[in-house]
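There are 2 protein chains.
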Amino acid sequence: MSKVVKSLQDAVKLCGLQDGMTVSITHNLRLGDQITGEVLRTIHDMGFHDIRLNSSGGVMGENGRYAAKCIEDGVITRIDGGGLGKTGVANTIQRGNMKHIARLTTHGGRPKLFADGFYESDLAFIYAPCCDKRGNCNGRTGNSAFGSMGYAMTDARHAKKVIVITDGLSEAPIWPISIDQTYVDYVVEVENLGDPQKIAGAALRITRDPISLLISEYAQKILEASGYIKDGFTMQAGSGGISLAVTSMLKEYMAKHQVCGEWGMGGITTAFIEMMHQGLFKALYDVQCFDTGAIESMAKDPNHIEISASMYANPDIPGGCLVNDLDTVILSATEIDVNFNVNVHTDSLGNCIAGAGGHGDTAQGAKLSIVCAPAYRSRLPMILDRVTCISTPGENIDVFVCQLGIAVNTALAKNADLFLRLKDAKLPVYDIHELQFMIEKKTGKPKPIVLGNKVVADILWRDGTVIDHLYTLGDYSF
Amino acid sequence: MSKVVKSLQDAVKLCGLQDGMTVSITHNLRLGDQITGEVLRTIHDMGFHDIRLNSSGGVMGENGRYAAKCIEDGVITRIDGGGLGKTGVANTIQRGNMKHIARLTTHGGRPKLFADGFYESDLAFIYAPCCDKRGNCNGRTGNSAFGSMGYAMTDARHAKKVIVITDGLSEAPIWPISIDQTYVDYVVEVENLGDPQKIAGAALRITRDPISLLISEYAQKILEASGYIKDGFTMQAGSGGISLAVTSMLKEYMAKHQVCGEWGMGGITTAFIEMMHQGLFKALYDVQCFDTGAIESMAKDPNHIEISASMYANPDIPGGCLVNDLDTVILSATEIDVNFNVNVHTDSLGNCIAGAGGHGDTAQGAKLSIVCAPAYRSRLPMILDRVTCISTPGENIDVFVCQLGIAVNTALAKNADLFLRLKDAKLPVYDIHELQFMIEKKTGKPKPIVLGNKVVADILWRDGTVIDHLYTLGDYSF
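Top to bottom, those sequences are chains A and B. The first sequence finishes on residue 478 if you use this note's numbering, and the numbering steps up by one all the way, no holes. The second sequence finishes on residue 478 if you use this note's numbering, and the numbering steps up by one all the way, no holes.
For reference, chain A alone in the conformation it holds in the complex (with noise of 0.2 Å):
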């Protein structure tokens, strides 16, 4: 009647991981996760080579440095899914130092990559914080309650053998579930999966910087000048100091002007939830909870609905994913070129920093999507002729915010009347190439950097297609 098995070692071997095989995780608990540490170093020292691992998200923090150790003793050859993570993996791969290329795509690509049988997954590790004997659990309650388990549907769905590793173990049932114990062959109870009050890194909070402010305040006005800010719409906003910026001026705007929107997604924050219990949406729905504000809603609050990473953004499910229905997205860039095409995988000198998450998958679903970034950072200007590497294909992106303007993406003939609406509300609307020639009269044009000449990562657009790449790392990098 119990799945319960005494260590994550036994609970390995009992799952027959061999070489070769691959095993995946999720980034629920993002910069607090304490548990993949942990999991890479019994990987590490049962001995295993040639493991292959396919991670939702990025592997960060201190779990991040066991993730390149792992590569570095040939434990780990290759990594797939959602992204690398900046303390290790990333520096370590971009060193040239894994066998084989990663393959890293979007939230939604990585269902979808699993339903293709392209990715795929011998053996999963799931981390909940709440888990009856049965493997029965949920991410709701407990020390480490992290809230929504969407990313890790996938896996529960997809992986030959799950191992559910908890530290909130019941005898008892558990409800709701969310990932029943018909996906889960064993049970691994530990003292600690993590810290969710660390879940985004710092607290969550709304820019102070002038700069942002302002990039924020033009983002709000193009969405009151778009149109779509009217009973029934629907949005997402992520937890940057931009995006929380701009909810808040929103927020303001709907219940002035008695806007009831449907449905708000995310990577959820109490922004959003706020937004929810004073009635300005009917409905949140969440793949990832990014602050303790959502994760107690979620425990409490039946139209917060956790939803799987496929209904969120997998563009091949039958039934159609949630970001298709998107009205508006607010997102951030470290790069954008003149062609609109996105850059949130490399900073300027091609370090990989970040993975693609849902960025891609948004800015595809949503009518009208929304690029913030500063026009310049450290003196290096931030509209390109071509970005570092492509996270998100120019054709996907209606608008791009700085502080020196907006520049809205005339190329697609849908934008004609948004460009003559933005125009209309007096804002400081300009060709992206206008836009850059401003930015480079600061700026100047910097001198191209030289990336290194061997392939580290495969970037794969949502539908699999490999739009770029990462390299190694060039005379330019640190």
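Hint data in this document are derived by calculation from the structure and do not stem from the laboratory. Incorrect hints may have been included.
[As the list claims (entries may be wrong)] In silico SDA-like pairs for lysine to any residue, Cα to Cα no more than 25 Å straight-line:
| # | chain 1 | residue 1 | chain 2 | residue 2 |
| --- | --- | --- | --- | --- |
| 1 | B | K367 | B | G279 |
| 2 | B | K367 | A | V4 |
| 3 | A | K133 | B | M1 |
| 4 | A | K282 | B | N143 |
| 5 | A | K282 | B | M21 |
| 6 | B | K69 | B | I353 |
| 7 | A | K221 | A | D301 |
| 8 | A | K282 | B | M276 |
| 9 | A | K423 | A | P374 |
| 10 | B | K367 | B | L380 |
| 11 | A | K454 | A | A172 |
| 12 | A | K230 | B | I353 |
| 13 | A | K367 | B | D180 |
| 14 | B | K251 | A | A172 |
| 15 | B | K282 | A | K282 |
| 16 | B | K367 | A | A172 |
| 17 | A | K133 | B | V5 |
| 18 | A | K367 | B | V4 |
| 19 | A | K367 | A | L427 |
| 20 | A | K86 | A | V4 |
| 21 | B | K282 | A | P448 |
| 22 | B | K367 | B | K423 |
| 23 | A | K160 | B | K251 |
| 24 | A | K133 | A | D10 |
| 25 | B | K282 | A | D301 |
| 26 | B | K300 | A | N303 |
| 27 | B | K300 | A | S170 |
| 28 | B | K161 | B | M21 |
Mind docking chain B on chain A? Use the hints.
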């Protein structure tokens, strides 16, 4: 953004139904179902032929007459799944009117046979009392709320196309989500799905018949003597008069002896809800609500947990199904034989009157399966040399109880201890041949019935093995 189409006919067209394909339906509303007839009439009137029907249970009530007409007109040429339905379908088939042999199995066998590809569904009709425009749905609210959608989850997962039919369409997101939009192709709005008050036909009632009460008392004493009724035990009991009487007696016993079970499962009735509310069970697992008390509870009690048919009873589901963890189950029978084989499919004249339901699943899974039935019906003895139809092979039955006494299946070595316990408790335990002899002293030994000579249905064990057949009607059938 909306999957709502104007009519059932439009939805069927859009799904590309063709002659020779299989459509699947579920029996959540049972005798209160007022929509299956409409579905069948649509298929009939659209001119389809050679359609195969896969239903989770019998096609009941008036719907059975439409189904029978479809069979007679060659619109439906095979029936697979959980049952036939005695109002029309069974009789039509047993008069030899259906082209192909039906392939019937248990509640757990159905999802297994879908997963194996032995069953398939080109188009599933899912009935949902509450559904949003994207197809997210549940059975908890709305005029026809029937609670758990456990059986329909199988159809959602395995059908190539899915139409949700609802009489509670919501423009806004609904929650909780029992079947999500990723499985759903179209949504059709109708006036009325049915009457949940009639799910079980009439109001469920503890038996008042003195013979049935005596049987119930014996069953309860077996439970007490068995040693299973202790903290943390698990059980299932059905919705029949004897089951409800046993449940009621057990409730008193548990309250008096301060026993708290881990969970109850079923087909859930108000009787179980009351036990959960009294703290006698920590949770209930529910694949089918049997009355309005159960339906109302599912809408408000979080520890009344909706489960899929797979989680309930699929013998091959990797993580294991819940029937495997049952301590005890109370079951019925139309007949039993000296090898403890049980018939629930036919009466003693060979007329098919029911499907296997979860009988075989729970009998095989539970540590102690108790079959209750009267010693004789209309002067026909109910212990036979060989049952008219084997629904559950005797190796899965531990005890038979009738008003004349109790027989333990001691052919199973595991039951030696149980036999002694019941003897020690001074219960009237006999060898089953002895019991048969006692009954036949009263009834005489009837002339064996002669069934028709054409097989009309295969009876498949939950693993897919053919264990018996239904035949055309013989001379003694009505």
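Against the structure, the hints:
1. The straight-line distance between the Cα atoms of B/K367 and B/G279 is roughly 23 Å, inside the 25 Å bound, and the hint therefore holds.
2. Between B/K367 and A/V4 the CA atoms are separated by roughly 21 Å; this keeps the pair inside 25 Å, and the hint holds.
3. Straight-line distance between C-alpha atoms of A/K133 and B/M1 comes to about 40 Å, which puts the hinted pair past the 25 Å bound.
4. Restraint check: the Cα-Cα separation between A/K282 and B/N143 comes to about 22 Å, which is no more than 25 Å; the hinted pair holds.
5. With a C-alpha separation of about 40 Å, the suggested pairing of A/K282 with B/M21 is violated against the 25 Å cut-off.
6. A hinted pair counts as satisfied when its Cα atoms are at most 25 Å apart, and B/K69 with B/I353 qualifies at roughly 18 Å.
7. Our distance criterion of 25 Å between C-alpha atoms is broken by A/K221 and A/D301, whose separation comes to about 31 Å.
8. The hinted pair formed by A/K282 and B/M276 fails the criterion: a straight-line CA distance of about 32 Å is larger than 25 Å.
9. Of the supplied pair hints, the one linking A/K423 and A/P374 holds, its CA atoms being roughly 21 Å apart against a limit of 25 Å.
10. A hinted pair counts as satisfied when its Cα atoms are at most 25 Å apart, and B/K367 with B/L380 does not qualify at roughly 31 Å.
11. Only pairs whose Cα atoms come within 25 Å are accepted, and A/K454 paired with A/A172 is rejected, the gap being roughly 53 Å.
12. As the CA atoms of A/K230 and B/I353 are separated by approximately 56 Å, the hinted pair breaks the 25 Å bound.
13. For the suggested pair A/K367 and B/D180, the alpha carbons sit about 23 Å apart, so the restraint of at most 25 Å is met.
14. For the hint pairing B/K251 with A/A172, the CA-to-CA distance comes to about 20 Å; that is within 25 Å, so the pair holds.
15. In summary, the hint linking B/K282 to A/K282 is not supported, as the alpha carbons are separated by about 32 Å, beyond the 25 Å threshold.
16. At roughly 19 Å between alpha-carbon atoms, B/K367 and A/A172 fall within 25 Å of each other, so this suggested pair holds.
17. For a cut-off of 25 Å, the pair hint linking A/K133 to B/V5 is broken: about 44 Å separates their Cα positions.
18. Restraint check: the Cα-Cα separation between A/K367 and B/V4 comes to about 21 Å, which is no more than 25 Å; the hinted pair holds.
19. Between A/K367 and A/L427 the CA atoms are separated by roughly 20 Å; this keeps the pair inside 25 Å, and the hint holds.
20. Proximity of A/K86 to A/V4 is assessed by CA-CA distance (about 34 Å); at most 25 Å being required, the pair is judged violated.
21. At most 25 Å may separate the alpha-carbon atoms for a hinted pair to count; B/K282 and A/P448 exceed this at roughly 66 Å.
22. A hinted pair counts as satisfied when its Cα atoms are at most 25 Å apart, and B/K367 with B/K423 qualifies at roughly 19 Å.
23. Taking the CA atoms of A/K160 and B/K251, the gap is about 42 Å. The hint is violated against a cut of 25 Å.
24. Distance restraint check for A/K133 and A/D10: the Cα-Cα separation of roughly 16 Å lies within the 25 Å cut-off, and the hinted pair is therefore satisfied.
25. Among the hinted pairs, B/K282 with A/D301 is consistent with the structure: their alpha-carbon atoms are about 23 Å apart, no more than 25 Å.
26. Of the pairs offered as hints, the one joining B/K300 and A/N303 holds, with about 14 Å between alpha carbons and a cut-off of 25 Å not exceeded.
27. For the given pair, B/K300 sits about 22 Å from A/S170 by alpha-carbon distance, which is consistent with the 25 Å threshold.
28. As the CA atoms of B/K161 and B/M21 are separated by approximately 12 Å, the hinted pair is consistent with the 25 Å bound.
In terms of the numbered hints stated before, the structure departs from hints 3, 5, 7, 8, 10, 11, 12, 15, 17, 20, 21, 23, listed from lowest to highest.
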